[in-house]
Each structure stands twice: as C-alpha cells, then as structure tokens.
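Protein sequence lines correspond, in order, to chains S and Y.
In this text, residue positions in the first sequence follow the working numbering: the first is 1, and each later residue adds one.
In this text, residue positions in the second sequence follow the working numbering: the first is 1001, and each later residue adds one.
For the record, the hints were derived by calculation from the structure and aren't laboratory data.
C-beta atoms are modelled at their ideal positions from N, C-alpha and C, and glycine is treated no differently.
One should not assume that every hint holds.
To spell it out: a stretch of chain Y is covered by chain S in this simulated footprint if at least three of its residues, at any positions, have a beta carbon under 8 Å from a beta carbon of chain S; those stretches are [to be verified]:
id, region
1, 1057–1068
2, 1096–1104
3, 1122–1129
4, 1215–1227
5, 1249–1263
Going by beta-carbon spacing under 8 Å, a handful of chain Y positions derived as facing chain S [stated by the list, open to error]:
id, residue
6, PHE1086
7, LEU1088
8, VAL1268
Given next are the chains, with one letter for each unit.
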Amino acid sequence: MKSSVMRNALGWVGLYGLWTTMIVVTIIPIYWMIVVSARSRVELFDAPTLLINSFYAPNYLKPLTDPIFQRYLVNSLVIATSNALLVTALALLATYALSRWRLPGADNIFFWTITQRMAPPAAFVLPIFLIYTRVFKIGDWTLFDTQLGLILLYCVFNLPFAVWLMKGIMDGIPVELDEAAFVDGAGRWTVLARVVIPLVAPGLAITFILSWIFAWNEYLFAANLTSVNARTITTGLAAFVSVTGTNWGEMAAVATLAILPALIFLVFVQRYIVTGLTFGAVKE
Amino acid sequence: MRSNRMGWALLAPTLAILAVVGFLPFLYVLYVGLFDWNPFSNQLGMQWAAVNNYRRLVFDGAFLDSLWRTGLFAFVSVSLELSLGFLLAQTLVKNFPGRTVFRTLYVLPLVMAPIAVGATWRLLTIPGFGPVPYFLDKWFGIDYRLGTFADQAFLTVVLMDVWHWTPFVTLTLLAGLTAMPKEPLEQAQVDGANRWQVFRYLTIPMMMPVLLTVIFIRLMDALRVVDEVFMLTSGGPGTATQFIGIHIYRAVVPKTDYGYGSAMSLLVLYFTIVLCWLLFIALAQVGKQRE
C-alpha cells in the first residue's frame, strides 16, 4: 500500500518534471529572440542574462518605418492571402467534383501531385525559375519577380494538401442532401452555395489558415523567384545574415514579427493541425 | 447517371494550375538535364550532352557525400523525434491538471517559419552573446563554436530539427493513441501482461499505421530540409551541414550550371519518389493485415 503511494507520487513528479523541462526547452529559443529584439547593440554584448530590463524600440521601429521593409510585409500579406483564397476556392470545387462524380483517373493525378509536395524544393527552383523567366514572357513582362508568380507557385504545394484534406470532409456530407435540394428545384450552384458550403465551412477555414501559414512561411522560392518588387518578409529576414555587420537586435525584431501571425492563427487551428499536417491521414 | 462534363469542369482550374506550375517544370527539367548549359560559360546556348550529366553524377564525390550526410541527418533526427514523441504522447493520453497549457505552449514551434527557426537558433548560438556557447563554457568548460567544429554544427542542426518537429510527432501519435480501442489493453492487463508486453505486443502493432504515416511525413521533410539549416550554418563549416537541398541550390543558383543541376534535381526527385512508393506499399500492407 505504502509503496504504491510512493510510486504514484514519483510518477507525478516525473510527469511534471518532464513537461516542465520540455516547456522550458521549447520556450527558451523563442523567448531569447524576444529578449534580443528588446536590446540595443551595446546591451547585447554584456554577459548574457535572460531578463528583459528595458525595451529598445528602434529595433522594431526602424524596419516598420522603412519603405522597403513595408513593401516586404505588404507583399507577404497579399501573396499569402490571395494564395489561401485561391487554394480554398479551387479545393472546394475540386473536391465537390471528386466526391459527387465518378471521374476515372482523377485520384491518380492527386497522388502524383502529392509526391511533388514531398520532393526537395531545391529540385524545383531551377525549372520554375527558367519557366518563369523564359516561357511565360510577353514582351518585357515575365512572371519572375511578380506577386502573381508566387501566388500561382504556392498552389503546387498547397492544392494537393487542401484537396486531400477537403475530400474527407466533403465525402462526409450525404449526397441525399444535394438530391433533396434538386427535387425542390434548386440548381447545381444553388446547392453548392446553400447546402454544401455551410456544411463544409469549418473545413474551408482550416484549409485557408494552413495554406496561409505555409505561403507566409515559405522562403526558398520567394528568394529565388523575386528580385525587388515581390520580395517577402522571409527573404527580408534571411538578408540580415548575408550582409556583413549584422544588426542582431533588428533581425530578432523582424523574426518576431514574422512568426507573430502564424502564432495567432495557431490558436484557431490547434485542434485541426494534426489532420492538416498529415493530409487528413490521421484525425484528431 | 449524370454527365461527367460538369465534374471535369469543376476540376479543370485545379488541374490547369497543377499542370502549368507542377507538371511542366518536371518535363522541362527532364529536357534540360540532357544538355550542357551554363549561361555564363564561354560556350553559347545549350549543347547536347545525352546522359553525360548523369554519368558525371555517379562519380561526383561532393554530391554523394551530401546525399549520405542528408540520409544520416534524416535518420538520426527522425529516430530521436519518434522516441521522444512517443514518450510524450503516452504521458498526454490521460488527463492531468495543466495538460492543456503544456500542450498549447509545446506546439508553438510547429507553425514558425523555418527561416525564423533558423534565426532563433542562430541567436542562441552566436559566439559573443548567444547563451548556449556562454553557459556551455561557464558550466562545463566546453568550447562551443558552431562555425569551427563540424560535429557540433551537425549536432546543433539535429537538435534544432528535433526542437522544431517533435511537437508534430507527439500530437500525431497522441491522436493515434487516443483513437485506439481500450478493451484489448485492459483485457491484457487483467490477463497479467506487464507494461512492456502490452507496449510491445499491443500498442506498437495497433499504432503501426499512424507510426508509418509519421515516419513517412517526417522522413520526406527531413530529406528536403533547406531553410533553417541555411539560416543557421549556411551548410558549413566546410560541408558539415551541406544537405542535398543546399547542395543542389549551390550548384544551380550561384554556379548557374543549369544542365548538371537539372540532372541532379531529377535524380533526387527519383530517389524521393521511390522512397515514397516503398513507404506507401508498407502502409498498404499494414492496412491489409489489419482487415
């Protein structure tokens, strides 16, 4: 009896010890970044302390008032939002088609595209770059260094995942509901708008948010397919490293700004993130 | 029943975009890989090279090294993530006070941009003001210099990956554990099986599909890692952390060796597809056994 109480107590100590350690280890890198972003150059090279004693605002104000950085921020917002809207709309139509019609061969196409999602992105940088600069060319205009170029490109990564995710949700809606509406004289589009969309709305929201986060976070293509006009915040962040005499405080501030929207979105998608990241293969 | 035309019409925009930005580059890279093409070399335009680029690859020491290094990195980090993730997931199955708070804080790294993950780890490890080198030196007398010691750089990159992705492994395995039927486990305990036997003969087999899915997704992501490593070490010191993604990138973008780069891209793509396919077969086999 006594020994089982002891073992129980040990179990609790172990459990909380383990989780406290995990949380400390998880939080420290993020916390340290915020600490650095709050310090001036001089304060940084004192002996490291983990305390925030003062807040050095110029680290944040300087990038935020810089027109170039503002453009990066606007580009990231425009690209992520347009891409997420496009992906969600296309995935809605595509999965409605896949679940309501028998389309021979269509599933294979998506299996093929999902392997692309798995391929090293570096393998696609070159072909996409060449196609953007040499194939899609009207006079002086090319897809290179345009917001449209990145919006379309991120579809390659987001669409297969969105279709896999939405397919499961769409299949869960009984066809009888559609048919009942047809009997009442509704057309195809009315059914989609009045019956299907309200039922899959939560799925659409998850698709939108996860696509948005991916497009916002992407770096490699954004860095290689843009030069001036369509640069995004992630490329702005990476640029801090290659420039000599890095201003670490400012870099930490930009990094903090870059992870902020995704962390806010996380609150909304936390329950669905497993489903999203495993392409619907594992449900929570 | 109904005509398929409307179905295909609804699917058409999706297929069109995937064909143009997804499939076309694939064909293009296949084509370019058969030529010698470097726009900044002294020979003009594309020279027919047949399979010479591929022949060169087989004897390219740097390429093979980087492939091996990527494999090692993927194996080590995914093994660590799986072991730690499984342990953590098992502690989360039962509710306890504070569980939701722990879980919420723990998944924060999951949605961070990889480039920002690289930035946070760089800030941690910079000699001069980063806390990691400072405290390692002060407490353990360890000389930690990311830019000098290859082993330390490799280890740090592995730890960064573990930090970034173990939450994903944990959450997914937790979802699997929660969905598992409880009766067989309770029955086994009644029959006198010990914890290890339950884990080995019941939990593991029942979790196999979820485990394989996690391994599949994590392995693919680890093999294609670029952003965070690039930000933390830029592939160095030397080539200690130059994984295949960075290697291809280096060959293609700064050196503009388009023909050879295409061949390399295609070969890696081929490896990935084969690996995907093998894992899918394994998944399907397990699925069949369960039925």
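Problem - chain S covers the region 1215–1227 of chain Y, three or more CB atoms within 8 Å, holds or violated - result: holds (count 6)
Exercise for the section: Hold the hint about Y/PHE1086 up to the distance rule: shortest CB distance to chain S must be less than 8 Å. Expected result: 13 Å, violated
Practice task
Check whether three or more residues of the region 1122–1129 of chain Y sit with their beta carbon closer than 8 Å to a beta carbon of chain S.
Solution key: holds (count 6)
Problem - Given coverage of the region 1096–1104 of chain Y by chain S, tested with a Cβ cutoff of 8 Å and a minimum of 3 residues - result: Answer holds; 4 residues pass the 8 Å Cβ test.
Handout entry: Within 8 Å of chain S's CB atoms, at least three CB atoms from the region 1249–1263 of chain Y: coverage verdict
Key = holds (count 6)
Practice task
Would you settle whether the hint for Y/VAL1268 is holds or violated, based on the nearest Cβ-Cβ distance to chain S being less than 8 Å?
Solution key: Hint holds; Y/VAL1268 Cβ to chain S Cβ min 5 Å, cut 8 Å.
Handout entry: Verdict on chain S covering the region 1057–1068 of chain Y, where coverage means 3 or more residues with a C-beta closer than 8 Å
Key = Answer violated; 0 residues pass the 8 Å Cβ test.
Practice task
Classify the hint on Y/LEU1088 as holds or violated, based on whether any CB of chain S lies nearer than 8 Å to its CB.
Solution key: 7 Å, holds
Hint violations for this structure: numbers 1, 6, all remaining hints satisfied.
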